[in-house]
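Engineer: From just these sequences and the hints, can you work out the full model?
Chains as they are written, first to last, in our numbering: chain L, 1 to 327; chain A, 1 to 295.
Hint data in this document are derived by calculation from the structure and do not stem from the laboratory.
The structure displayed is predicted, hence computed values, not measured ones.
Glycine is no exception: its CB is placed at the ideal position from the N, C-alpha and C atoms.
Careful: at least some of the hints might be erroneous.
Unchecked claim - Chain A stretches covered by chain L per the calculated footprint, using a threshold of three residues with CB under 8 Å from any CB of chain L:
| no. | stretch |
| --- | --- |
| 1 | 158-165 |
| 2 | 213-219 |
| 3 | 257-269 |
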Amino acid sequence: MQSPRPSGLKPLGSTTGRFRRWWNHGDLPFRAAIALAGILVLVIVLAIGRELWAHSILPRGKFGLAFLTTSTWDPVRQEFGALPFIIGTIETSVLALLMAIPAGIGVAIFLAELAPDWLRSPLGTLIELLAAVPSVVFGLWGLFVFIPDIVKPLGDTLHSAFSFVPLFDGPVYGPSRLAASMILAIMILPTITAVTRDVFLALPRTQSEAAFALGATRWEMIARVLVPQSLSGILGAVILGLGRALGETIAVTMVIGNNPDLSASLLHPGYTMASLIANEFSEATNEMYVQALIEIGLVLFVITLLLNMIARLLVWRVARRFAGGTA
Amino acid sequence: MSDRPTISIRTVPSHLGRRRLVNTIMLGITGALAVAAVIPLVWIVAHVAAEGARFISPTFFTDVPKPVGVSGGGIGNAIVGSAIVVGIACVIAVPVGIAAAIYSYDNATRPLGIVIRFSTDVLSGIPSIIMGIFAYAVVVVPQGHFSALSGGFALAVIMLPIVLRTAEEMLNLVPRSLREGALALGAPRWRTSLRVLLPAAMSGVVTGIMLGISRVAGEAAPMIFTAFGNPFYAADITQPMATLPHTIFVYAISPYKDLHDKAWTTALVLIVLVLGLNLAARLFTRWRLKKMGWK
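Structural biologist: Okay, structure coming up:
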């Protein structure tokens, strides 16, 4: 923002004088510096895309789009197809969402509408702390505690009850797609809860008060007014959770079993894009192998980038729609 | 009560009893879910504390790893390594994050301000393993080998949007009158920003930095192909370096019971640091905001 020069003042004559005045005032260099820092954020996002693109030129030239649709991953014969990993990533993330969405929305309703004041903030903090537990600790706990105590017994039960369903067919493994999905569900629950709760709290109270005035019970108000009104914001929360699930690396690598078979069973070990990169990157011995892994990174980057842009636009739209209405 | 209308609610077929029952059941479910959501946290913390405490000793914090089967050995190298790598991340991310936050705050409604805010949101959603590849491409490849510097760079990119967003939110909480007062007294904008607004928002900015540190200190994924790991004490940031999360990962997926035990103890150290810092940051902000009467 240029400050208008007071009309009565003439610029100082000498060039050095003008420079000193400009420099001592100091707004221009300061603005240039902070603008540079701001632009750097944009540059980093673009640079990540550029680097991934530039470092995956070999497999793109050799396989083209077949990279995305073939399922052979053979570093020795230099054949790379990403299909099992793309499917594994999408399958585990969607399953995690199916578990985390109802739970996340339920917790958000409790936090925004029902919890007594003394409970609201400690409970919110605890759930936010769950999001702060490092991924590698989730993985450690998942591998040695959650899988033997919960996932394996659950898998045995599902297998004996529903073995005719392909999803629960075959031998029951501990580390499996089911284990990865369940860990992911726990990890993305705080994300979905926090964003949904904020959307609920941002809504104007008039609609819910009107519902109460018409005689609605609390639940009817929630189910027919609060949730429908927040739908696009909840969708944003879900997409943010999906983005986190798709990119989650270490915890998944530790509990999914890392097996590229294309089997339909959830009880079978699987593989995701992120866990493949984590497992094989530092062992990749030749340029084509490294670049194939970076191309997988590129696919993951594009997917999460698009999802995040959509989610942000949705959440922003809700915030803007109700910006004036909360007072 | 005699002046109430005499129409009884029972004359209307309102199914009030059933509606009340549904209400109670559904509200009960949300409450149960809220309790259930806390269980994993309690379970993880309790288990890590119980398993980890068995092998903790003073030398665990100072020794370097010993070969499997040899008793003793610690994670001193990983503690120092984590501190150095996270330190590098702070040196890069904090000044850039704060400067960009001031720009974004000053220009919230301008196109470039909006683009920057959007980029920040997008950046915070990019998986950390991608940041690892980015650091690999930008630092490791030109340098020719893994290094603490590349690890710090990857963590800086993860930390930047956290610092930036918290700082901007805190600047927005500072009363406009402070800014207007400073400008009315003839202070240039840069002085207003650096000497009035930033100090007023400083506690929040510090919170953002603490949250950022607690997030990146637990990142194992990008370390695999940046800082990599090193079984000895290292201070040269151009060389590979061990970090706590990467150590846990390597120990946990190894086949040795001995290393699994060390993974739990390392996890205890990490979780105390990360959750402690995170909780401290949250409580500090709440206390500060209450004291300042801004919330």
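Engineer: At least three residues with a C-beta closer than 8 Å to a C-beta of chain L: is that true for the stretch 213-219 of chain A?
Structural biologist: It holds: at least three residues are needed, and the stretch 213-219 of chain A offers 5 whose Cβ sits within less than 8 Å of chain L.
Engineer: Has the stretch 257-269 of chain A got at least three residues whose CB is nearer than 8 Å to a CB belonging to chain L?
Structural biologist: Satisfied; 4 residues make the cut.
Engineer: With a Cβ-Cβ cutoff of 8 Å, does the stretch 158-165 of chain A contain at least three residues near chain L?
Structural biologist: holds (count 3)
Checked against the numbered hints above, the structure violates none of them.
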